[in-house]
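Using the sequences and the hints given, assemble the complete structure.
Residue numbers (this note's numbering), protein chains in the order written: chain B, 1 to 221; chain E, 1 to 296; chain S, 1 to 488.
Be aware that a few hints might be false.
The list that follows gives simulated cross-link-like pairs (lysine to aspartate or glutamate, EDC-like), each with its CA atoms no further than 20 Å apart [unchecked claim]:
no.	chain 1	residue 1	chain 2	residue 2
1	E	Lys129	S	Glu427
2	S	Lys160	E	Asp72
3	B	Lys179	B	Glu206
4	S	Lys251	E	Asp72
5	E	Lys82	B	Asp81
6	E	Lys285	S	Glu394
7	B	Lys221	B	Asp91
8	S	Lys251	E	Glu84
9	B	Lys221	B	Asp81
10	S	Lys15	S	Glu386
Beta-carbon label-pair distances, calculated as ranges [to be verified]:
no.	chain 1	residue 1	chain 2	residue 2	range
11	E	Gly68	S	Arg158	21 to 31 Å
12	S	Ala447	E	Phe105	39 to 49 Å
13	B	Arg37	E	Glu69	55 to 65 Å
Covered by chain E, according to a simulated footprint, are these stretches of chain B (three or more residues, beta-carbon under 8 Å) [as the list claims (entries may be wrong)]:
no.	stretch
14	70 to 83
15	102 to 112
16	118 to 128
Everything labelled a hint here was simulated from the structure, so no lab data went into it.
Backbone N, C-alpha and C define an ideal beta-carbon position, used for all residues, glycine too.
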Amino acid sequence: MFHWLEKNPFFFSVAVFVVISFAGLIEIVPNFAEASRPLVGMKPRTVLQLAGKNVYVKDNCMSCHSQLIRPFKSETDRYGDYSLSGEYAYDRPFLWGSKRTGPDLHRIGNYRTTDWHENHMFNPSEIVPGSIMPAYKHQFTNLADIETAYAEAVTVKNVFNTPYADDLIGTRAGWDAYKPKVLAEAKAIADNMKNKDVKDAVANGEVPEIVAIIAYLNSLK
Amino acid sequence: MNGLMIKALVFSAILMIATIYVVMSLDIDIFADSINALTMGGAIAIAVLTSAISMKYVNQMKTDTASGELADENWDGIGEYKNELPSGWAYSFLGTFIWAMWYGFFGYPVNAYSQIGEYNEEVLAYNEKFETVHKDADEATLKEMGESIFLVQCSQCHGVTGDGLSGRAQDFTARMTKEQVLYTIEHGANELSYPMGSMPPMMASGKDAEEIAIYVAGGMKGEQPASFAVCASCHGADGKGSAGMSPDIVSYDGTLMKHALGHRRKGRICKMPSFKTLITPVQEKALTVYIQSLAN
Amino acid sequence: MQSNAALEYDYSIAKLFTYTTILFGFLGMLVGTLIAAQMAFPELNYLIGEYGTFSRLRPIHTNTVVFGFTVSGIFATWYYVGQRVLKVSMAESKFLMAIGKIHFWLYFVGALVATVSLLLGYSQSHEYAQYEWPIDIVIVLIWILWGISIFGIVGIRREKSLYISLWYYIACFLGVSMLYLFNNISVPTYFLTDGLGSVMHSVSMYSGTNDALVQWWYGHNAVAFGFTVPIVAMIYYFLPKESGQAIYSYKLSLLSFWGLMFVYLWAGSHHLLWSTVPDWMQTMGSAFSIVLILPSWGSAINMLLTMKGEWNQLTENPLIKFMVLASTFYMLSTLEGPIQAIKSVNAIAHFTDWIPGHVHDGVLGWVVFMIMSALFHMVPRMFKREIYSKKLIEVQFWIQTVAVVLYFTSMWIAGITQGMMWRAVDEYGNLMYSFIDTVTVLHPYYAIRALSGVLYLTGFLIFAYNMYKSMTSSKQLTEEPQFKTPMA
Chain B
1 MFHWLEKNPF FFSVAVFVVI SFAGLIEIVP NFAEASRPLV GMKPRTVLQL
51 AGKNVYVKDN CMSCHSQLIR PFKSETDRYG DYSLSGEYAY DRPFLWGSKR
101 TGPDLHRIGN YRTTDWHENH MFNPSEIVPG SIMPAYKHQF TNLADIETAY
151 AEAVTVKNVF NTPYADDLIG TRAGWDAYKP KVLAEAKAIA DNMKNKDVKD
201 AVANGEVPEI VAIIAYLNSL K
Chain E
1 MNGLMIKALV FSAILMIATI YVVMSLDIDI FADSINALTM GGAIAIAVLT
51 SAISMKYVNQ MKTDTASGEL ADENWDGIGE YKNELPSGWA YSFLGTFIWA
101 MWYGFFGYPV NAYSQIGEYN EEVLAYNEKF ETVHKDADEA TLKEMGESIF
151 LVQCSQCHGV TGDGLSGRAQ DFTARMTKEQ VLYTIEHGAN ELSYPMGSMP
201 PMMASGKDAE EIAIYVAGGM KGEQPASFAV CASCHGADGK GSAGMSPDIV
251 SYDGTLMKHA LGHRRKGRIC KMPSFKTLIT PVQEKALTVY IQSLAN
Chain S
1 MQSNAALEYD YSIAKLFTYT TILFGFLGML VGTLIAAQMA FPELNYLIGE
51 YGTFSRLRPI HTNTVVFGFT VSGIFATWYY VGQRVLKVSM AESKFLMAIG
101 KIHFWLYFVG ALVATVSLLL GYSQSHEYAQ YEWPIDIVIV LIWILWGISI
151 FGIVGIRREK SLYISLWYYI ACFLGVSMLY LFNNISVPTY FLTDGLGSVM
201 HSVSMYSGTN DALVQWWYGH NAVAFGFTVP IVAMIYYFLP KESGQAIYSY
251 KLSLLSFWGL MFVYLWAGSH HLLWSTVPDW MQTMGSAFSI VLILPSWGSA
301 INMLLTMKGE WNQLTENPLI KFMVLASTFY MLSTLEGPIQ AIKSVNAIAH
351 FTDWIPGHVH DGVLGWVVFM IMSALFHMVP RMFKREIYSK KLIEVQFWIQ
401 TVAVVLYFTS MWIAGITQGM MWRAVDEYGN LMYSFIDTVT VLHPYYAIRA
451 LSGVLYLTGF LIFAYNMYKS MTSSKQLTEE PQFKTPMA
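Written out as structure tokens, the structure reads:
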């Protein structure tokens, strides 16, 4: 049979395709509906937090930090309760990471504060002596793309029925009306920060990346 | 065994000895549990099997010659023998299938095994062991336990000796410094959420504040200044916080520790984050004992 | 034995891809060496502002070596091997020549744009699938063009039966097609919101645990169909061709191939052990990973047995040396992976440097060694000149072998140490080490790894120089050598 396949490339290819595709069908498909169900009462991230998530993705924090607490006592002692599938239901993409050059961040919001992150992102090795994490000073001057974050929220609301409030409307006018809410949230974060340039930017209606990413990190609980 | 194999195995042995040496020099027990032991076993298996088997075949380049019946086909000058499967390979292949069956049906039965169940058992077993060993832990044990928790969880900001790293965070070798008392009097405080509520700013000023600060920073020894009366109304005449209604300003008592670990306090690095989710009640008690010992 | 002299093969596309293999290999390894050094010496993070941090550069390293170096190598060898084992020249079809040219130029431009997009921070955050949706579309086009090329040549072949290498090239094409398409389905946000925000941005079709499952079904098997399958295709051609030995066993080839196809895809969930993926899926991933050892080893053993009795070739021909060592590193890597996929071992190995260590004994010792050997074999035949210097190959061989050994041993020790430190408790059951303790202790190993990177990169530069000289100024050949590659 195999020898016959080797002389008939079309059927050979079909055979290979069948053999390699059914593992995916059996392993992934049956659980699809189950694994995407959120925890009861869980809220999706705010637009500012989404913008922070996008900064997290842009600067690729997940190359060194995980967001997955495994069910071992040594991990729950260090990072808090083990992670549950439902907690990730609104995460697109998932950000579990695959390497812990730095610690896990899945519940960082429980035990770190806005000003800690501000000082730490500006100069990690001053706050944690011996740290090999680079400083992310550019996040204090780069502006977060809150408009794209808004577009993302609208998209997931419309396409995947993520439970956002009805005032998210996918038009320019909708965004203009919504923007003050994002700025108010940013101001609440900036109030707990000390960097003057950041505070000034927020007062002028701009959101530096650092404000957005702190909002996101604080939401990881 | 052939020369190549021996060389490869010696290399494997050096690698494993180095690994074990490094791990043991960090006071880690390799046989602490099955996970540590299996990991070491797995590492040894990788090194030994790869070395031995690959070198067995490489050695055949020296000792054996190619033979067998050639297939009819020939691709760009490449021929192909119709030799049988190497039997060791074939049996090992079967063996892994059997192992996979065992793993899926008995080791971690696909219809019954739960990792959360295993986690619960791990925690339960730990708690039971802990209860029996340290049910009536004495002061010295708690202090020792507190020290090790302190070194892992607190020392990053408060320093390994608890001195607060030159003012970066709270200095535990004293309850409060003079500057801290003055700052608190000037700004008030509301971070710890005691039943008494927040402390208003400017309860005292000028010379009075100065007097109070010296008195409190000195551990409330000697004659109490008259201006302390305004403090005493909440913190008590002895400064011990009126039985948990407001913060103890003489020492780090258990109530203070509970409030400090659960709420956010201002320091130079940051507001101290809450550690409520990471520190258990027993650990909190141990930490209290240890931190009290630092101030003495 | 039939002579190939009658047929003139067209190597113009293979040559183009050979250039990009060397170019992207150098760039990818340069960035790799830099980020390895950053972990030992963090000051190196600030060489080019925000674009030079470890986190921003790491995807550039991985994507450049995967989609730049390795994929170029796959295409280069395909455009060389495909014609030869099917006994048909590309020049016989104007259509296929045109497809080949478009394939290359779209690939080259696409690769440059893709690298810049990562540097600017456009990312979907799926490992090895970071490229945003517009670049995904270009990649799909490139892949389709390759498919047309494969099945086009197969369609006009003279040799009726497909050689083993072709099984693997076809599997590589099919596997990557399926995986890449499913993992990269995403919804661009710009078009559904009346043009709000960035046109590059998209959200993944899947969320949370599902996204993780699809991603690692992809991530694991992208390694399978990018770093294993096509490289096996190469060794099945270049080792017997260079040595003049017949393949040891058809049966072993057959069982290894179909075994690999069947088992590989199941093992993806071993990247998600102890996660929120259901227990039964994790168990399947672990169990199939162990089964996977033998189909992988089958190919390596088949290659080693093909060289039976040819000890003198091993000592005298550095290309054979490279390929035999590649086979043993392949064995190391494909045993190490499954053992790390056992749940108990994974509890320690996951998230540590043992995993990059495992990846790199596979890629440095197997993938790069094999692709370089293939290029050493091809270049004299494509450019009709002998290899410029045998001595340089020998030097390169030893430098790079030492580099691989330093890499995997340092990360082996670092990973096991770190994994055990995270779990270590004192006599009271409290954690023994704070996280930063487990970072600072690794400094010497990170330094050794950086050194190994410098060594490996040096070896690659020697390789590039040797290639350049062999293409342009070494002694010309009058006729194509049948087996052993001539070298000065």
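Hint check results:
| no. | hint | verdict |
| --- | --- | --- |
| 1 | E/Lys129 / S/Glu427 | 11 Å, holds |
| 2 | S/Lys160 / E/Asp72 | 12 Å, holds |
| 3 | B/Lys179 / B/Glu206 | 10 Å, holds |
| 4 | S/Lys251 / E/Asp72 | 14 Å, holds |
| 5 | E/Lys82 / B/Asp81 | 58 Å, violated |
| 6 | E/Lys285 / S/Glu394 | 65 Å, violated |
| 7 | B/Lys221 / B/Asp91 | 14 Å, holds |
| 8 | S/Lys251 / E/Glu84 | 7 Å, holds |
| 9 | B/Lys221 / B/Asp81 | 10 Å, holds |
| 10 | S/Lys15 / S/Glu386 | 16 Å, holds |
| 11 | E/Gly68 / S/Arg158: 21 to 31 Å | 27 Å, holds |
| 12 | S/Ala447 / E/Phe105: 39 to 49 Å | 46 Å, holds |
| 13 | B/Arg37 / E/Glu69: 55 to 65 Å | 60 Å, holds |
| 14 | 70 to 83 | holds (count 10) |
| 15 | 102 to 112 | holds (count 4) |
| 16 | 118 to 128 | holds (count 4) |
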